[in-house]
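Asks: Here's the letter readout for the chains.
There are 4 protein chains.
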Amino acid sequence: MMQEKKYTVEKDTKIPFHNNVAYCIGTGRMGLALQKEYQEQLALVQEEIGFSHIRGHGLFSDDMAIYQEYTDENGIKHAEYNFTYLDLVMDSYLSLNIRPFLELGFMPDKMASGKQTVFYWKGNVTPPENYDAWCALVQATLRHLMERYGEQEVVQWPIEVWNEPNLPGFWKDADMEEYFKLFALTFAAIKEVDGRFRVGGPAICGVEDEKWIRCFLEFCRKESISVDFVTRHHYTTEVPENVGHYGYVKLREPEEGYANLQTTRDIIDSFEEFKGMEIHITEFNTSYIPNCPLHDTNQNAAYIAGQLSRLGDMNESYSYWTFGDIFEEQGVPFTPFHGGFGLVANGGIPKPTFWTFKFFADLQGTCVHRTDEAVIVRKEDGSYRGIVWNMTMDGTGEDICRSFRLPMEGIPSGEKGECCILTKTVDEVTCNPLKLWHAMGEPSSLSGEQKKLLKEGARPLVEAQRKELEDGMADVCITVRENGVVYFEVSPVKAGGDRGYCYKRVVGK
Amino acid sequence: MMQEKKYTVEKDTKIPFHNNVAYCIGTGRMGLALQKEYQEQLALVQEEIGFSHIRGHGLFSDDMAIYQEYTDENGIKHAEYNFTYLDLVMDSYLSLNIRPFLELGFMPDKMASGKQTVFYWKGNVTPPENYDAWCALVQATLRHLMERYGEQEVVQWPIEVWNEPNLPGFWKDADMEEYFKLFALTFAAIKEVDGRFRVGGPAICGVEDEKWIRCFLEFCRKESISVDFVTRHHYTTEVPENVGHYGYVKLREPEEGYANLQTTRDIIDSFEEFKGMEIHITEFNTSYIPNCPLHDTNQNAAYIAGQLSRLGDMNESYSYWTFGDIFEEQGVPFTPFHGGFGLVANGGIPKPTFWTFKFFADLQGTCVHRTDEAVIVRKEDGSYRGIVWNMTMDGTGEDICRSFRLPMEGIPSGEKGECCILTKTVDEVTCNPLKLWHAMGEPSSLSGEQKKLLKEGARPLVEAQRKELEDGMADVCITVRENGVVYFEVSPVKAGGDRGYCYKRVVGK
Amino acid sequence: MMQEKKYTVEKDTKIPFHNNVAYCIGTGRMGLALQKEYQEQLALVQEEIGFSHIRGHGLFSDDMAIYQEYTDENGIKHAEYNFTYLDLVMDSYLSLNIRPFLELGFMPDKMASGKQTVFYWKGNVTPPENYDAWCALVQATLRHLMERYGEQEVVQWPIEVWNEPNLPGFWKDADMEEYFKLFALTFAAIKEVDGRFRVGGPAICGVEDEKWIRCFLEFCRKESISVDFVTRHHYTTEVPENVGHYGYVKLREPEEGYANLQTTRDIIDSFEEFKGMEIHITEFNTSYIPNCPLHDTNQNAAYIAGQLSRLGDMNESYSYWTFGDIFEEQGVPFTPFHGGFGLVANGGIPKPTFWTFKFFADLQGTCVHRTDEAVIVRKEDGSYRGIVWNMTMDGTGEDICRSFRLPMEGIPSGEKGECCILTKTVDEVTCNPLKLWHAMGEPSSLSGEQKKLLKEGARPLVEAQRKELEDGMADVCITVRENGVVYFEVSPVKAGGDRGYCYKRVVGK
Amino acid sequence: MMQEKKYTVEKDTKIPFHNNVAYCIGTGRMGLALQKEYQEQLALVQEEIGFSHIRGHGLFSDDMAIYQEYTDENGIKHAEYNFTYLDLVMDSYLSLNIRPFLELGFMPDKMASGKQTVFYWKGNVTPPENYDAWCALVQATLRHLMERYGEQEVVQWPIEVWNEPNLPGFWKDADMEEYFKLFALTFAAIKEVDGRFRVGGPAICGVEDEKWIRCFLEFCRKESISVDFVTRHHYTTEVPENVGHYGYVKLREPEEGYANLQTTRDIIDSFEEFKGMEIHITEFNTSYIPNCPLHDTNQNAAYIAGQLSRLGDMNESYSYWTFGDIFEEQGVPFTPFHGGFGLVANGGIPKPTFWTFKFFADLQGTCVHRTDEAVIVRKEDGSYRGIVWNMTMDGTGEDICRSFRLPMEGIPSGEKGECCILTKTVDEVTCNPLKLWHAMGEPSSLSGEQKKLLKEGARPLVEAQRKELEDGMADVCITVRENGVVYFEVSPVKAGGDRGYCYKRVVGK
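Protein chains in written order, with the UniProt record's numbering: chain A, 1 to 509; chain B, 1 to 509; chain C, 1 to 509; chain D, 1 to 509.
Be aware that a few hints might be false.
Which copy is meant is left open, because identical chains are indistinguishable; a pair holds if it fits in one copy or across any two.
What the hints assert, rightly or not - Using 16 Å as the maximum straight-line C-alpha spacing, the simulated EDC-like pairs for lysine to aspartate or glutamate come out as follows:
#1 Lys5 <-> Glu373
#2 Lys416 <-> Glu468
#3 Lys122 <-> Asp63
#4 Lys122 <-> Asp109
#5 Lys36 <-> Asp91
#6 Lys5 <-> Glu398
#7 Lys11 <-> Glu409
#8 Lys452 <-> Asp475
#9 Lys494 <-> Glu223
#10 Lys452 <-> Asp91
#11 Lys77 <-> Asp132
#12 Lys509 <-> Glu482
Simulated from the structure, these hints should not be mistaken for laboratory data.
Working from the sequences, and respecting the hints, build out all of it.
Replies: So, in structure tokens, the structure goes:
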């Protein structure tokens, strides 16, 4: 059975909708950006979606090789900075028209006060042994970037201090005082380089988040730190059940998450001087583990559509974690589809959620309709673009059908108005590379032919029809299967065609 | 209502099926091969289908600039040959891994005995004023090609003398005697260069074709010409009705055409010395006009599927006319979709028939099933590939469903056998760029964005499922909408997967 | 023996020098822009030099297929316009970041009043039978371009009416009155479409040029036509001696040509209302024939260097005729080097003159030195760029050496100043593809390997040295062989290097 | 002053010369092959030189992530193998038409018996804790490769066991007995997978090399191991003096090295059963440190030319260490030119030695001349290719000139024979990117423009001349500056040219 609903959009409707979907995207650690496959996946993402910023860990981790030391003939130790790999990474980002949202971390081993590390790739998460050395590193790095890429360019790059210090795994003992010290000194060091830099924190996830936000702002107030923005993370699944290499999860009701985010908004707004301050969600996804098969499904795509329709309400931006599956936090994946965070699976195969982002990135204009399952905008030329999704909490559900009557302007009077209705459908039938891969036998090593086939099976179904207007209104009916996301465009169509061409005669219908 | 039929394929079945779909493809005149868009369309065709040979008109026409003359200080006229453009064209063919099936024609203006021309681009169709000059031109051209590309390579290129001399539009007065003279002299000239060249004719279309074939062979017998193969053309529509720039046609029942081709086969076989001689259909398509909207439809794709399943029965090869829509016989097209002969529309958009060729090109193996609407082959590795099509004579019809029980080998005893059933569907819903273009308002000038969209709407829908075998048999049910063509692959699937991965749990079904 | 001269550049020197080298470049007829090799040559030119505009003949000639006619059921003839090829050409130009300098011509055969044609490719050079039809064609074309590429973009494209009407070969009887009629009607038609278009003429070459310029301006005065700019051509060789396919010429002293151009300037300035009006040289080269081997030589490169240093004195722009050798005015060339007009030889091989343009395009800044054999500019960052050339009138001469003392700013006091002197040398020894091709035996068909080799032999020799300043001055000594062109850059060098690196120790010198 | 020598080559001369220059090339550790810049450098090398095999360390090191372990619910530990990165690396090699020369090593941390590591990137150099686990890893890896790339392909890949076990830094305590154990078990494990694999060792460098070779063969004899080939390394500089990041060295006389290699040859040949066994030099270069500025110089190029002319005398192959400068054994380089081993500097800039390899790779044919400073071969078509080099031991020296009289066949009697003499010159003047980089101020971060310039300054100067033969002999005079390498080709030239073309008239000389 199919649920049906009908809506009529009035002329001049204007509904609030802050769509900042393309502001930022997450990435595996910086050092992975040297890899060819990483760059290819990012190029694919940029070609179709075009994010403005990219954020990930490990800028100062040892594989980036920035921080080095040597001892001179007098036995005195000196720092020296190696920007060879940093340049390669930043060059490649800028060539793909994406800029870093700089996350300062983790600690170079040689500068660290301890041995504790996080992840398979062993990022050191202890405070610096010497804060002066840390600040010098930060300043040298920024100055180098400004020299290479120009001051005007680099001061636009937002800076975030560290990652999830509220978890002991990411910051020794989740020591709040120590983090505030790090933040204050780093903030000052950056502003000394150039006051135009925008610096934020505390980059926390949802553990004791209320306390951390509140204390952080109180600290800033006390120390008269004019922090530029607040950052936090947002994940919406329960604790995973682990089986072999994988973790299985249960989705949480979206409203729970929105309520949590609203709390952060409210806390900030309760500080007179920070009221209305930008919040950047510097990480979000359904699950927070990189081996969660849910990420690869159509269900994930539909759930994320809902998120993208709402996250802009309270937050300036929201950065999906991550663009691709070149990622090593829990080791190197064994198979191309392995529940990685990425929009793109290894082998360069777009996952369904990739298209959710593509569709929202194309949703530019004035919002004229918004519900929990649809958003529609009108462009300046009078055409419409919309998305309807059919989210399910357990992976199963029934088809839905949503009808919209849209006022279509610009039809010369006396002319028979027509419109073109274009749809792009991503659902379990039309665009389901995971199912295709499963049907192939879940191969761990893809041949070139298999990659090609999976890419062919990972594209939206594109359909279009031409329809007469009724009283200047376009009647658009969008059917969406369970876990589906459908993008549509409705535009006026010019009458006429080439001399002698008659489409009806061509197709005999 | 849906028609259903069921078939069971027995083990070791082997049905005759000569699939030579990729042997040769047609092209607009040689000079157009200099164009960038032409090369891009051909590259697309070669990447997906990979034809071995290419045949078109105009090798010796003036835009190729091969034949030149000058007068020396004593007033004596000399020939000189300019291979600048010929080299560019042949280089580009070989770089795309395709070889010419050389058609010798038309007449250089300076060498011609008359002014009569054919086409918008004015190919001269009169006999040479001087047959020695013609033979010298042929020989100089072949020798140049042999020097540039190597003897071994060039002697493999089949050679056809002229085009459709049985039409007065293509050969002055359709003068049979004159054509035989041309053939005999040209044949001798080529063999003088290298006896390994294979030379054929008379390249006729279906007008007085029986008479021409018979007389041609009688002539060869009389003159002791050991012609290497016979060539003819094959079109299957009625005379078009012209409206504006376009011609509308009615398809003929396929059997009519096959009967006509059988006659050619029978005539040849009635000559003792020519019995079994190769017939190359050097042109075929539904309609013989380059402005027939039918060519762009799904109906055409389904009709051609039928042709490709049969044409190899009587003929060595059959060359679709043409690969792309850079073509000027009736002038430059006004719109990207205009009923051109091509597999690819201008803008680089594959038409439905493109995929029919792609599917047949992938149909390599031993035939195990063949009807008027399906062909299935088994590959050496025990997997199957098949095509089912749903041809309609008037563009409308009902869906069909065809089921096949296929013996699946190589499943270790005791193991639960499974198979992967992959389908690629080209029909009016899934892959219909013409409809999309119509819905857009039939634009004559495509923007980059429109081209991208049309390409997205011009790809088969790829689906797959994994299914348990029953008694070692795979049950495959293929549903095909009216005018649809469905390609499928059935392969055994290895059990097992990565440690902890459970697809059913992932998708919740 | 070597000539030597020494110069010292004073601080704050500023010498007039209007370097508009990259404003416009010539091309073979528009229809050739469809060709792949044409596009590849243009891409090479744009990558290295980057012209802003491109101008050539044949926009309305029949191979572009724009103007078409049909007769309706009532026997009435209608015009219809086909922009299929025009779009392909303009798309390709804009994608290479170059815009057309539109030359309106020649006459579509169907619209022409006569049969007279010019060139191998038969451009019709007779007036329109019906001026209304002509004006409608012009307007339809401009409106189409504006719709496709945007008004803002297209109104920037300069428009020139016809080509060389002062020659009877290009305009029937060189009929001045008829041309003025064409100009006036066309001018009005264009301005009716959009007053922002800039329109000029009379596009003459140096035959009766004084008379034509004067009469043209008098006509404009009389008819109150506010013409936007004047166009003319500029060639600097004597009448060629023809041998076989080639024409051999003698260069004229440059001053002769400059004097001729000055006359045009003076005539214009003598009209009160046209004083100071822009002159665009819409064609220039040494020889005006496309089979003049001189074009391929180093001598040509050195001679053109002189031209580029002077032509901006009297003229707003000067468009070299042409960028590449895909060109058919006298037929298709028999060999890759054949004396074509192009900066690039067929096969994609840059000729020496290519580099003269590249060097001048890089010569951006404030002029600090200018003679008949050198130009030097200073950039804002205090570095210098210069060119020295060694022109010979008969192909032979002696080496020259020119020394420059250049004030080098920005060296911190107390620091040992150093500079980097970079040179790029194009002369008969270092960059002489013509000689290389001759040594190979002057092959007419180049293999891929030969093309690669010729490209390798067609690049400037790049050398650099590091030198101490003396009293804050850089001493730069440039030696130029006969027919050579040397480009140089002089920049301050930062002291220091990586820890432990000592270049002197590395090279042992 | 210039040294001159003259030689005459007799007809039918045939001199022994085993030129196997393109058999194998070295690489930084396998994991670096994932990087984009690595792949670009390798692509450049393959495009110009085209090596058949590639060999480097770290196949089993942790960044390749092949060896993994997990503990099941019963607490039992299991191995599992992850081939994700291995596939990426091997796919990329094969796509560049290069195959691995597999070096088995180093030890996965989890399998190792100790903690000792080598290099900045920490390759574990201790024996396996459990040899069964090691053998299982080797077998699983080979079986996976055979499944993915085909048995026929993979069994052709030579296999070497470990690297430089004669150094305690590379193999714990340089324990010979332990190495022999490793070799014997590994050898057996491989042959069990497929007897067609060819396996060799002991991969030693020149420390106690005589003893190691002798003991290794005695061990094989004793254990009846039919080893397939012997491998060793070859470096020719003294111990470096370290200053900052760099090491400065003194070259050794080449003859010292050849004598050392001859000893290895003699030892092997002294074993009856191993007499004539192939020796593969799996690493060679001048210096054995990756921060030796000598590697970037023209002096290195000339010295290596000498090596390439001799190393084939005693050895089957000789693999230069390495193709590029993406390399981390002593950390990440601070600057593009830093004395890395590579043929290509970071930024994609070919070093002079790159061209030495290119020239030798092009030197295919029958050797007709060989001295300590020149080699010449004759190709089947009668043309010649030669190299002359001017090696200096201390970086300074004088120019040399070598003349050769070469018999030129195939000139029809009565015809004036001519030849084309083509030279490509790499010396400190014509192709010296290191000097260019030094002149620029030794920048550590190259801009795109600087990279382009350095590439332009890193190409051989190509020149050619056409010369008359004397008595059927070509007189070729090659001048080589200090540290220069000159490649030349001499070929007969066909007389004639296009109608009317006269080169002498064109250039006026």
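Asks: Which constraints among the numbered hints does this structure fail? Numbers only, ascending.
Replies: Violated hints: 8 and 9; rest satisfied.
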